[in-house]
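Enquirer: Residue numbers (the numbering used here), protein chains in the order written: chain A, 1 to 166; chain B, 1 to 153.
If you are wondering where the hints come from, they were derived from the structure by calculation, not from laboratory data.
Note that beta-carbon positions come from the ideal geometry of N, C-alpha and C, so glycine has one too.
Per label pair, the in silico range of CB-to-CB distance:
hint, chain 1, residue 1, chain 2, residue 2, range
1, B, Gly33, A, Arg137, 31 to 39 Å
2, A, Glu86, B, Gly61, 22 to 30 Å
3, A, Leu162, B, Gly61, 15 to 23 Å
4, B, Ile122, A, Leu39, 36 to 44 Å
5, B, Gly33, A, Ala8, 45 to 53 Å
6, B, Asp133, A, Glu12, 47 to 55 Å
7, B, Asp132, A, Ala17, 38 to 46 Å
8, A, Lys133, B, Glu135, 27 to 35 Å
9, A, Arg10, B, Gly106, 37 to 45 Å
10, B, Pro86, A, Ala97, 56 to 64 Å
11, A, Glu102, B, Asp132, 33 to 41 Å
12, B, Thr119, A, Lys133, 34 to 42 Å
13, B, Ile122, A, Arg104, 40 to 48 Å
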Amino acid sequence: MNDRLEAAARLEDARDAALAALGEAVPYHRFLGVGFERLGDELTARLEYSERLVGNPILPALHGGVTGAFLEIAAITQLAWDRVWEIMQKGGPEAEAVARGEFRQWPKPVDISIDYLRSGRPRDTYARAHVVKKGRRVANVRVEAWQEERARPIAALHGHFLMPGA
Amino acid sequence: MSETRETAGLFPVGKYDAEGKLLSGLPHSAEIGMRIHLSHDGVAVLSVPYDARLVGDPESGVLHGGVVTALLDTACGSAVMSKLSPKGPVATLDLRIDYMRPATPGATVTARAECYRLTRNIGFARAVAYHDDPESPIASAAGAFIHGQRASE
Numbered sequence: 001m002n003d004r005l006e007a008a009a010r011l012e013d014a015r016d017a018a019l020a021a022l023g024e025a026v027p028y029h030r031f032l033g034v035g036f037e038r039l040g041d042e043l044t045a046r047l048e049y050s051e052r053l054v055g056n057p058i059l060p061a062l063h064g065g066v067t068g069a070f071l072e073i074a075a076i077t078q079l080a081w082d083r084v085w086e087i088m089q090k091g092g093p094e095a096e097a098v099a100r101g102e103f104r105q106w107p108k109p110v111d112i113s114i115d116y117l118r119s120g121r122p123r124d125t126y127a128r129a130h131v132v133k134k135g136r137r138v139a140n141v142r143v144e145a146w147q148e149e150r151a152r153p154i155a156a157l158h159g160h161f162l163m164p165g166a
Numbered sequence: 001m002s003e004t005r006e007t008a009g010l011f012p013v014g015k016y017d018a019e020g021k022l023l024s025g026l027p028h029s030a031e032i033g034m035r036i037h038l039s040h041d042g043v044a045v046l047s048v049p050y051d052a053r054l055v056g057d058p059e060s061g062v063l064h065g066g067v068v069t070a071l072l073d074t075a076c077g078s079a080v081m082s083k084l085s086p087k088g089p090v091a092t093l094d095l096r097i098d099y100m101r102p103a104t105p106g107a108t109v110t111a112r113a114e115c116y117r118l119t120r121n122i123g124f125a126r127a128v129a130y131h132d133d134p135e136s137p138i139a140s141a142a143g144a145f146i147h148g149q150r151a152s153e
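Generate coordinates for the entire structure from the input sequences, incorporating the hints supplied.
Expert: Written out as structure tokens, the structure reads:
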């Protein structure tokens, strides 16, 4: 029984390490201040507020481009994370490499459409992506971003992403 | 240097030399080194120089799609703003972007946007992002922007 508990704890640690490595591998994530939190396999992206992200200093409001970029990051990382999850479930050398942060199968955006619903206030922003359909070559993803209240989204994205190796 | 230098709203309006003018009124645009080369009568040309901090794929060094999104959004907003009289704030309602090919590592990305229709409340804009040749686009965009008082809600 103890062995099983230990194995489960090791797997959780490996997943945390793989997610941290995935997030930190991308320079643009660090530049914007984007991190990722997970509960089980569910991922939430977090954009830490900073003055550098402001588009309109009078309101002040987040730059629309930053909000758009954040939604795009949430979509791409969700798809990458789903792949990492699969690899880690299988185990073996590929899973060990992924846990060390060696991941090269980033999906690429084909097209995205962003709706701006409310202006982004000077505070942290969160986003969660939902993969509507994952085909062999293309995935369809929807993302919503919110700040204080989940029920009051500030922006939404839907888009298509080319899966690596397609 | 610049021909006109009236500053209206957040965007400088007028024509600038090839170097362009740093978009200092918008903190994030300034942070990524975004420059405005032209913003006049519904047409805006902006650029972002290559910067290793903005890379999305560490393997290839290609800029993150989000950087292109930020550039196209700002270019379309500038184009709409340059067509307003009197000048006022604009806010993005929606933006659709098609990514045709990855940006080349090391190269500046330029966006040319045009506000092709302006109504009492809405400006419609389209744009292309490219390196040297607009006929060989990295991405294209189309968006709707609300202007006037309602833009700041």
